[in-house]
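Chains as they are written, first to last, in the numbering used here: chain S, 7 to 102; chain V, 7 to 102; chain Y, 7 to 102; chain C, 7 to 102; chain U, 7 to 102; chain E, 7 to 102; chain H, 7 to 102; chain G, 7 to 102; chain W, 7 to 102; chain A, 7 to 102.
Just so you know, the hints here were simulated from the structure itself, not pulled from any lab data. Since this is a predicted model, take the numbers as computed values, not measurements. Be aware that a few hints might be false.
Claimed, not checked - Facing chain E, according to a computed beta carbon distance under 7 Å, are these residues of chain C, among others:
{"id": "1", "residue": "P18"}
{"id": "2", "residue": "V74"}
{"id": "3", "residue": "I85"}
Positions of the beta carbon are idealized from the N, C-alpha and C atoms, including for glycine.
Protein chains: 10
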Amino acid sequence: MLFQVRMDVRIPHDLDPIRADELKRVERERAHELQKQGVWRHLWRIAGQYSNVSIFDVDTVQQLHDIVSTLPLFPFMDIAVTPLCRHPSSIRDDDR
Amino acid sequence: MLFQVRMDVRIPHDLDPIRADELKRVERERAHELQKQGVWRHLWRIAGQYSNVSIFDVDTVQQLHDIVSTLPLFPFMDIAVTPLCRHPSSIRDDDR
Amino acid sequence: MLFQVRMDVRIPHDLDPIRADELKRVERERAHELQKQGVWRHLWRIAGQYSNVSIFDVDTVQQLHDIVSTLPLFPFMDIAVTPLCRHPSSIRDDDR
Amino acid sequence: MLFQVRMDVRIPHDLDPIRADELKRVERERAHELQKQGVWRHLWRIAGQYSNVSIFDVDTVQQLHDIVSTLPLFPFMDIAVTPLCRHPSSIRDDDR
Amino acid sequence: MLFQVRMDVRIPHDLDPIRADELKRVERERAHELQKQGVWRHLWRIAGQYSNVSIFDVDTVQQLHDIVSTLPLFPFMDIAVTPLCRHPSSIRDDDR
Amino acid sequence: MLFQVRMDVRIPHDLDPIRADELKRVERERAHELQKQGVWRHLWRIAGQYSNVSIFDVDTVQQLHDIVSTLPLFPFMDIAVTPLCRHPSSIRDDDR
Amino acid sequence: MLFQVRMDVRIPHDLDPIRADELKRVERERAHELQKQGVWRHLWRIAGQYSNVSIFDVDTVQQLHDIVSTLPLFPFMDIAVTPLCRHPSSIRDDDR
Amino acid sequence: MLFQVRMDVRIPHDLDPIRADELKRVERERAHELQKQGVWRHLWRIAGQYSNVSIFDVDTVQQLHDIVSTLPLFPFMDIAVTPLCRHPSSIRDDDR
Amino acid sequence: MLFQVRMDVRIPHDLDPIRADELKRVERERAHELQKQGVWRHLWRIAGQYSNVSIFDVDTVQQLHDIVSTLPLFPFMDIAVTPLCRHPSSIRDDDR
Amino acid sequence: MLFQVRMDVRIPHDLDPIRADELKRVERERAHELQKQGVWRHLWRIAGQYSNVSIFDVDTVQQLHDIVSTLPLFPFMDIAVTPLCRHPSSIRDDDR
């Protein structure tokens with residue numbers, strides 16, 4: 007099942023920069039791993055923003071929550087989840 | 007270049023149903039065609055809504071506008087365009 | 007999987023009252039049926055509004071969309087879908 | 007009487023983590039207790055958010071306020087209360 | 007139990023004026039009756055608006071909904087319900 | 007003249023708790039006093055919120071502002087003022 | 007007492023143009039009259055909008071409501087009322 | 007040319023009170039001066055808020071910006087500018 | 007003086023198409039004329055919308071209003087005006 | 007390709023003033039450079055705000071993002087990007 011997730015990152019300016027860098031580094035690793043597993047199917051930057059739009063492919067809502075809520079930057083992100091399904095006019099098998 | 011486009015369809019209830027059906031039929035044909043050309047890269051239904059989220063892959067903003075504004079249902083849609091670009095943590099060549 | 011769905015009904019005042027009554031009658035039948043099947047798990051009226059809050063229990067997002075988008079009043083409702091999952095502090099087996 | 011309560015938790019990043027953990031621990035205990043009493047009837051996590059949707063079953067609005075406003079995380083939550091009542095199409099005796 | 011109810015009246019300009027007047031007449035009668043019963047405790051006009059703010063005193067949420075949803079102008083009103091309870095600094099016995 | 011005033015209290019979590027308690031204590035005293043004078047006619051807690059809805063009965067807008075803006079918690083409150091007047095359907099002499 | 011009133015005029019496009027012109031003519035006469043009486047103290051057009059910002063000088067909120075709610079275009083206006091009072095830094099006697 | 011300017015003052019609670027008082031003192035002096043020059047034509051307090059509504063009479067937009075952006079409290083204010091012009095129904099020569 | 011003006015066109019679907027076309031034709035002529043005069047300095051389409059963003063160069067706010075409010079599509083547009091002035095970092099003489 | 011970018015600067019009051027000044031100095035240099043290259047085509051101040059409206063002329067969305075996201079004040083700005091294209095009524099070759 008596909009879910010669109012928008013994440014707007016808002017790191018407080020008084021957060022320790024070393025901690026912030028470490029969080030971002032682990033976030034990147036986690037994103038790589040989840041993309042390789044096919045769970046994080048798409049990942050785009052929104053132009054001009056510290057934000058991304060992603061498409062997740064998960065078996066359950068629970069799995070989606072477990073992934074998103076354990077991202078290192080989770081406490082510093084505004085997150086919006088939109089459940090998607092097949093569009094009757096789609097011709098791509100992949101756009102389930 | 008990739009753009010996320012969200013379209014919320016709001017067909018007035020007093021629109022002639024025959025005209026509405028014809029608009030939807032041509033819209034579907036146009037969507038098929040643009041998907042085959044690779045311009046309309048993804049097309050998903052938003053669950054529980056008469057809305058879609060799409061990813062368009064175009065050469066220019068002008069091309070995007072020409073496509074979207076000539077869709078048969080354009081006069082009856084609220085449309086939001088979000089320009090996307092490559093995310094530094096993406097590992098898919100395709101997510102330009 | 008559980009989804010909270012809020013439906014705000016907005017029937018245009020110039021809709022034929024006989025058609026409106028027929029839509030409501032079929033809507034009620036459909037609601038009964040889906041509750042009996044266990045898919046429409048909870049159904050509450052929001053006090054002072056022509057609106058309801060519901061909990062659906064479905065196997066896929068697609069199933070949720072197919073149910074909601076074929077309700078007779080669908081064209082006259084504003085609908086908001088919120089995916090739910092188990093809360094770590096929940097003690098009810100049923101609140102998956 | 008049933009009330010839907012949505013709680014969005016916003017713990018400031020500079021709150022002492024030991025105090026935060028203690029608040030969460032007591033909050034969990036309090037949630038268990040109130041669920042056992044039948045007052046906190048449902049408790050779900052909103053997917054991708056540090057938020058919950060709950061259904062409370064109380065005798066008075068005052069009782070609802072006394073419960074919610076004494077939760078340990080109350081000072082760090084945005085709370086929205088929606089009074090519910092029986093839906094004419096409901097077939098579950100329990101959805102009062 | 008007390009509930010604040012705000013009602014914003016939006017009568018479509020193409021509603022038959024005779025029907026509109028009849029609806030308003032019955033609405034007024036119903037308001038008188040409910041005030042006499044003590045259920046509709048306060049009723050104020052919001053200055054410069056076709057809107058009112060009211061305080062209802064009811065035994066249950068269900069009773070509140072039954073009253074509000076059967077007002078003749080209900081289909082033409084935007085309604086917001088706010089549950090109230092005793093304020094710890096209140097000194098009026100009446101402000102339960 | 008009657009004004010509805012909604013006050014949402016937002017005390018910063020890093021405010022000195024002793025100062026916060028002192029502000030609340032003086033606020034309570036001031037509320038008692040103004041209720042006794044008949045100026046602060048009604049005072050209700052909004053269920054589930056650190057907020058109140060009040061009705062003030064003042065001779066001038068200036069008097070209203072002088073009262074509200076000198077409340078000890080004024081710097082920590084979001085305040086919304088709604089001027090009220092007699093509703094043509096009211097039957098209570100008191101609801102001027 | 008001074009009140010700022012913003013009026014946004016939204017005349018439905020299918021209103022009979024002769025009726026619309028008559029409403030505007032009477033509205034203009036009423037505005038002249040009220041300005042001469044000193045009640046409608048200021049009247050400005052908002053640039054680029056079919057809207058005005060006005061300052062009314064009235065003895066009571068009731069008087070304000072009676073004036074605004076009997077304007078011929080009242081049913082076709084969105085109206086926002088803001089109560090004003092003397093600013094401590096004002097040096098104009100007139101800006102009560 | 008006239009511009010309506012609304013200023014909502016939001017002084018952070020952890021700003022040094024001596025600096026805050028000094029900013030307010032200079033702001034008051036600057037307001038007096040600009041009122042005497044006729045540039046700051048009207049200045050009202052919004053009742054119940056730490057906000058003002060003002061009318062500025064300037065020769066150019068640049069002059070307006072130079073005045074507003076050099077006010078001592080400018081960094082702590084949310085500001086909304088509305089360009090005004092003569093209303094066709096105005097009878098006051100002064101309401102240009 | 008420069009003003010940014012955003013115009014969102016919302017032509018009702020039941021407007022006579024011949025009248026709509028005539029309005030658009032005259033609107034286009036008027037836009038050409040005002041661009042030639044240098045008053046309508048920039049005119050861009052917003053991609054995916056029936057909207058434009060424009061920069062007007064006028065001597066007074068009144069002139070701006072007279073131009074915008076006499077455009078043939080004015081009754082069918084939502085319009086937002088933003089007064090602009092020289093940016094201290096600008097190096098173009100033309101961006102007054 | 008043209009993009010309208012609005013930047014609202016929100017520098018926290020507790021940011022070190024020397025660092026803030028240095029960020030602004032480098033921002034100004036960067037703006038000069040990008041204007042000379044023709045990439046930052048227009049730059050206006052919004053009157054009464056610490057905000058600007060700009061028009062960027064870039065070859066790709068990626069280039070736009072790379073420019074905007076490396077501005078020294080980027081972490082302290084709310085940014086809104088609007089893709090523009092040629093308006094059919096434009097007569098300026100330059101307003102691509």
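Outcome of the hint check:
1. P18: holds (6 Å)
2. V74: holds (5 Å)
3. I85: holds (5 Å)
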